[in-house]
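My request is simple: use the sequences and hints to build the entire structure.
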Amino acid sequence: MIVVFIVAPLAVVAASSFTATGYVTFPPKGFSLEWYVKSAQDATFVDALWVSLRLGTLTTFISVVAGVLAAYGITYNNGRLGAFFEQIFLSPIMLPGVVLGLGILFVLSASGWRGTFEGGVLAHVIVACPFVTRAVLAGLRQLDPRLEEASRSLGAGPVHTFLRIVVPSVRGSIIGGAVFAFVISFDEAVVTLFLTGPTFSTLPVTIFTYVQYSNDPTIAAVSTVIVVFCVILVGLVTRNPKGRHDR
Amino acid sequence: MAPMMLLFLAGFVAPLFFVLRFSFDHFDASAGQSGAFTAEQFIAVFTTPLYGDLIVRTLGLAFATTAISALIGYPLALAITRGPGFLRGALMAIVMVPMLTSVVVKTFGWSVLLSSDGFLQSSLDAIGLASVKLLFTPIGIVIGLVHTYFPFMVLSLVTAVGAIDRRTEEAAESLGSTRSRIFFRITLPQSLDGLAAGSALTFVTSMSALVTPQILGGGKVSTIVTVIYQQATSAQNWPLASALGVVLLGITLVILVLQAWAVRRATR
Chain A
1 MIVVFIVAPL
11 AVVAASSFTA
21 TGYVTFPPKG
31 FSLEWYVKSA
41 QDATFVDALW
51 VSLRLGTLTT
61 FISVVAGVLA
71 AYGITYNNGR
81 LGAFFEQIFL
91 SPIMLPGVVL
101 GLGILFVLSA
111 SGWRGTFEGG
121 VLAHVIVACP
131 FVTRAVLAGL
141 RQLDPRLEEA
151 SRSLGAGPVH
161 TFLRIVVPSV
171 RGSIIGGAVF
181 AFVISFDEAV
191 VTLFLTGPTF
201 STLPVTIFTY
211 VQYSNDPTIA
221 AVSTVIVVFC
231 VILVGLVTRN
241 PKGRHDR
Chain B
1 MAPMMLLFLA
11 GFVAPLFFVL
21 RFSFDHFDAS
31 AGQSGAFTAE
41 QFIAVFTTPL
51 YGDLIVRTLG
61 LAFATTAISA
71 LIGYPLALAI
81 TRGPGFLRGA
91 LMAIVMVPML
101 TSVVVKTFGW
111 SVLLSSDGFL
121 QSSLDAIGLA
131 SVKLLFTPIG
141 IVIGLVHTYF
151 PFMVLSLVTA
161 VGAIDRRTEE
171 AAESLGSTRS
181 RIFFRITLPQ
191 SLDGLAAGSA
201 LTFVTSMSAL
211 VTPQILGGGK
221 VSTIVTVIYQ
231 QATSAQNWPL
241 ASALGVVLLG
251 ITLVILVLQA
261 WAVRRATR
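As given, the protein sequences belong to chains A and B, one line each in that order.
Take 1 as the starting number for the first sequence in UniProt numbering and just add one per residue.
Take 1 as the starting number for the second sequence in UniProt numbering and just add one per residue.
Treat the hints as calculated values from the structure; they're not laboratory data.
The beta-carbon is built from N, C-alpha and C at its ideal position, and this holds for glycine as well.
No incorrect hints appear here.
Partial pick of chain B residues on the chain A-facing surface, computed with a CB cut under 7 Å:
#1 Leu7
#2 Pro15
#3 Val97
#4 Phe108
#5 Ser208
#6 Ile215
#7 Ala232
#8 Leu248
#9 Leu249
#10 Thr252
Okay, here's the thing in C-alpha cells:
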C-alpha cells in the first residue's frame with residue numbers, strides 16, 4: 001500500500017510519456033515515442049537541460065572545493081570556533097528556500113546580476129555546499145589524527161599533507177558529497193524560481209512553468225529522462241563500497 | 001574556511017540582511033519602495049484576517065503532513081528495523097525514491113493522478129464521494145507534501161527505533177503483553193526523540209514548500225510561501241514578500257528551538 005503510494009506518481013509520469021494522445025492522460029492511450037522525439041527537438045527543453053548540466057557541474061566543483069576546505073577548517077579549529085562555524089555553514093539546510101531565494105533575488109538585483117547564470121551558481125552553491133561540508137566532516141571525524149601528525153613529523157608541509165594525506169583519505173565522502181551536490185543542483189526548483197528570467201532558466205523551472213499552463217506529454221517524457229538520470233547517478237555511488245563506508 | 005566565508009557573506013548573510021531590511025520598507029504599487037523604515041508590513045500581516053487565515057492554513061497543512069507522515073512512518077520504520085534482511089534493504093531503497101526524484105516531476109505526477117478526470121477522483125465519484133475534490137484543494141496538497149517529505153520522518157524514526165534494546169520488547173512479549181501495548185508502552189516512549197526530530201524536520205520543510213502547493217493548489221489554495229512567490233515575482237511587492245518571509249523564518253526558528261529544547265529535556 002505504502003509502496004504503491006510512493007511509486008504511483010512516478011509510474012504515472014513514466015507511463016503517460018508513452019501516450020499516443022496529444023495530452024497527458026492516465027492510463028495512457030496507445031503507445032508512441034513521439035513525445036521523446038518532440039522533447040529532443042524542442043529548443044526550450046534542450047537549452048534548459050544544457051543550462052542545468054552546466055550549472056550542476058560548476059556548482060558541484062565550487063561546492064566541493066569550498067566544502068572540503070570548510071570541513072577541514074572546522075575539524076582543524078577543534079573547539080568553540082569550529083563548532084560555531086559548523087553551525088553557520090550547515091544552517092542553509094534548515095533555512096526555508098523561499099527566504100533564501102527572496103534574499104538572493106534582492107542581492108542580485110542590487111548588483112545587477114538578476115537573471116544571470118552566475119547568480120544561479122551563487123544560489124546553488126549556497127544550497128548544495130552544506131551537504132558536501134556535512135559529508136566531508138563525517139569522513140574527517142573518522143580519520144586518525146596520527147596520520148596527519150606522522151606526515152608532518154616526516155617533514156611534509158601543511159599543504160602537502162592536506163593534499164596527499166587528508167584529501168585521499170576522505171575520497172569516498174567527497175565523491176558522495178559531490179554527487180549529492182550535483183543532484184540537488186539539478187533538481188533545485190525553489191530558490192531558482194526567484195532567479196530565473198528570459199535569459200536564464202533551468203530544466204526543473206521550465207517544467208514547473210509548463211506544468212502550470214499546459215498538459216503536453218512532452219513534459220512527461222522530459223521528466224522521465226530526469227528521473228532515470230538521477231536514479232542511475234545515485235545508484236552508481238551507493239554501489240561504490242568505499243562511498244558507503246565513509247558515510 | 002576563507003572561501004566559504006566569502007561565499008556565505010555574498011549568498012547567505014547579505015540576502016538575509018536584505019530580506020530583513022526590506023520587510024521594514026514602505027511599498028506603493030505605483031512608486032515602488034520608498035526606503036522608509038516602518039513596521040507597516042508586519043502590522044498588515046498580523047491585523048488583516050486574510051493573512052491570519054493564510055498563516056493558519058499554512059500551519060494546518062504542515063501539521064496534517066507531519067501527522068500523516070508519522071502514522072505511515074512508524075510501521076515502515078518498524079518493518080525496516082525489525083523485518084528480515086531482504087525486506088529491510090528493499091523498503092529502505094523504496095523510501096529513498098521520493099528523495100532522489102525532482103519535486104517538480106513528483107508533483108507533476110500527482111497533478112495527473114489527482115485531476116478531475118483521473119483515476120482517484122473517478123473512484124471517489126463512483127463511491128458517492130463526488131463532493132470530495134482532490135486537485136486544487138488542501139487534500140491534494142497534503143497528499144503531495146506527505147509524498148515529498150515523509151522520508152525524513154522514516155529516516156529519523158529508523159535511527160530512533162533501531163537504538164532501542166530489542167530485549168525489552170521481547171521481555172514484555174514473553175510476559176504476555178499485546179503488540180499494541182508493547183508499541184505504546186515501550187517502542188513509542190523510547191523513540192520519542194526520533195519522532196520529535198522527524199516531526200520538526202517534516203513540519204519545517206513542508207511549511208516552506210513552494211512547488212507542491214503552487215502546482216497542486218493551482219492558485220485556488222495559497223500558503224505563506226506561494227504568496228511570497230507571487231508578491232516577489234508578479235506583484236513586485238518586495239516589502240510584503242520580505243515581511244512574510246521573516247514571519248516564516250520566525251516560525252521555523254521557534255519550531256527548531258522547541259525541538260532542541262525537547263531533545264535536551266528527554267536526554268537529561
